[in-house]
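S.K.: Protein chains in written order, with the working numbering: chain G, 17 to 130; chain S, 187 to 299.
Take these hints with a grain of salt, some might be off.
Far from chain G, by Cβ distances over 10 Å, these chain S residues were calculated [stated by the list, open to error]:
(1) Q187
(2) E201
(3) Q217
(4) F261
Partial selection, computed: residues in chain G whose CB lies under 8 Å from chain S [stated by the list, open to error]:
(5) T48
(6) S59
(7) L60
(8) T65
(9) I109
(10) Y119
(11) T120
(12) G122
(13) S123
(14) G124
In silico lysine-lysine, BS3-like type, Cα no more than 25 Å apart, as pairs [unchecked claim]:
(15) G:K82 with S:K286
(16) S:K294 with S:K228
(17) S:K188 with S:K294
(18) G:K80 with G:K30
(19) S:K256 with S:K242
(20) G:K36 with S:K286
(21) S:K256 with S:K286
(22) S:K253 with S:K286
(23) S:K286 with S:K228
(24) G:K30 with S:K228
(25) S:K286 with S:K188
(26) G:K36 with G:K71
(27) S:K286 with G:K71
(28) S:K242 with S:K253
(29) S:K286 with G:K57
(30) S:K188 with S:K256
(31) S:K242 with S:K286
(32) S:K253 with S:K188
(33) G:K36 with G:K80
(34) S:K228 with G:K36
(35) S:K242 with S:K294
(36) G:K30 with G:K82
(37) S:K188 with G:K57
(38) G:K36 with G:K82
(39) S:K256 with S:K294
(40) S:K294 with G:K57
Bear in mind the hints are in silico, worked out from the structure with no lab data behind them.
Glycine residues also receive a C-beta, built at the ideal position from the N, C-alpha and C atoms.
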Amino acid sequence: GAVVSQHPSWVICKSGTSVKIECRSLDFQATTMFWYRQFPKQSLMLMATSNEGSKATYEQGVEKDKFLINHASLTLSTLTVTSAHPEDSSFYICSARGEGDGYTFGSGTRLTVV
Amino acid sequence: QKEVEQDPGPLSVPEGAIVSLNCTYSNSAFQYFMWYRQYSRKGPELLMYTYSSGNKEDGRFTAQVDKSSKYISLFIRDSQPSDSATYLCAMSAGSGGYQKVTFGTGTKLQVIP
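With the hints as constraints, model all of the structure from the sequences given.
M.R.: Below, the structure written as structure tokens:
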């Protein structure tokens with residue numbers, strides 16, 4: 017089946033720094049990838065839809081200047097959390113749809129901002 | 187009202203029991219239904235997906251969709267301790283890769299040996 021690889025699996029950074037999270041589709045091409053955020057004991061909240069070769073579409077309430085998304089190729093999308101603050105600490109997950117399958121998720125990135 | 191409602195649980199059952207997990211939805215546009223299993227601190231893992239009303243079976247798992255009632259279910263037969271996880275229902279208006287997916291809040295299941 018379709019595989020989505022996400023790195024890093026966890027990261028700790030200082031407040032004010034930026035963190036980049038990568039999401040790769042390993043055995044299929046993904047024109048569209050999705051970025052989610054998940055707080056403890058809560059469901060996945062869609063942050064943005066990443067489209068290859070064009071600007072991402074952000075959900076209401078998500079700061080596009082803070083969460084920079086780049087989808088430069090059909091197999092790679094990146095999410096950069098800029099000037100991270102402790103309230104940005106969360107579990108970030110990407111997803112894409114492979115042929116014939118449901119949406120496949122990366123393994124997630126746990127971000128802790130100290 | 188949320189578009190997708192799911193009882194968060196937790197749900198505790200003895201090993202070997204049949205588990206029933208359910209979601210209701212309000213958006214008639216939803217046509218594509220999925221169930222995911224998520225272990226702690228991991229990304230969700232797709233269990234089953236279906237387009238149509240009726241039942242779909244895969245091993246110990248059966249997904250059931252009733253579009254007229256806007257109600258979907260996941261049944262787990264002969265539940266095992268390894269089934270202990272959070273189960274998320276998900277749905278979208280279509281199966282195109284660009285379609286947004288809406289998730290339920292997840293039901294935490296614990297299977298007791």
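S.K.: For each hint, tell me whether it holds in the structure or not.
M.R.: Verification of the hints:
1. Q187: For Q187 (chain S), whose nearest Cβ neighbour in chain G is about 15 Å away, the distance exceeds 10 Å, so it holds.
2. E201: E201 (chain S) clear of chain G: closest Cβ-Cβ about 24 Å, beyond 10 Å.
3. Q217: holds (13 Å)
4. F261: holds (18 Å)
5. T48: holds (5 Å)
6. S59: Where the cut-off is 8 Å and the nearest Cβ of chain S is about 4 Å from S59 (chain G), the hint holds.
7. L60: With a minimum Cβ separation of about 5 Å from chain S (threshold 8 Å), the hint on L60 (chain G) holds.
8. T65: For T65 (chain G), the interface hint holds, since the closest Cβ of chain S sits about 7 Å away, which is under 8 Å.
9. I109: holds (5 Å)
10. Y119: With a minimum Cβ separation of about 6 Å from chain S (threshold 8 Å), the hint on Y119 (chain G) holds.
11. T120: Holds. Min distance 6 Å.
12. G122: The hint holds - G122 (chain G) has a Cβ within 8 Å of chain S, the shortest such distance being about 5 Å.
13. S123: holds (5 Å)
14. G124: holds (4 Å)
15. G:K82 with S:K286: OK: K82 (chain G) and K286 (chain S) at ~22 Å, within 25 Å.
16. S:K294 with S:K228: holds (14 Å)
17. S:K188 with S:K294: Measuring from Cα to Cα gives roughly 19 Å; hence the hint holds.
18. G:K80 with G:K30: holds (21 Å)
19. S:K256 with S:K242: holds (17 Å)
20. G:K36 with S:K286: holds (23 Å)
21. S:K256 with S:K286: holds (18 Å)
22. S:K253 with S:K286: Holds, at roughly 19 Å.
23. S:K286 with S:K228: Holds: K286 (chain S) and K228 (chain S) sit about 21 Å apart, inside 25 Å.
24. G:K30 with S:K228: holds (23 Å)
25. S:K286 with S:K188: holds (15 Å)
26. G:K36 with G:K71: holds (17 Å)
27. S:K286 with G:K71: With a Cα-Cα distance of about 16 Å, the restraint between K286 (chain S) and K71 (chain G) holds, given a limit of 25 Å.
28. S:K242 with S:K253: holds (14 Å)
29. S:K286 with G:K57: holds (22 Å)
30. S:K188 with S:K256: Within the cut-off at roughly 13 Å; holds.
31. S:K242 with S:K286: The given pair, whose Cα atoms are some 23 Å apart, holds under the 25 Å limit.
32. S:K253 with S:K188: holds (17 Å)
33. G:K36 with G:K80: holds (14 Å)
34. S:K228 with G:K36: Satisfied, since the Cα-Cα distance of roughly 19 Å is no more than 25 Å.
35. S:K242 with S:K294: It holds: about 22 Å lies between the C-alpha atoms, which stays within 25 Å.
36. G:K30 with G:K82: Answer holds: K30 (chain G) to K82 (chain G) is near 16 Å, not above 25 Å.
37. S:K188 with G:K57: holds (17 Å)
38. G:K36 with G:K82: Holds. K36 (chain G) to K82 (chain G) sits at ~12 Å (cutoff 25 Å).
39. S:K256 with S:K294: Holds: K256 (chain S) and K294 (chain S) sit about 22 Å apart, inside 25 Å.
40. S:K294 with G:K57: holds (9 Å)
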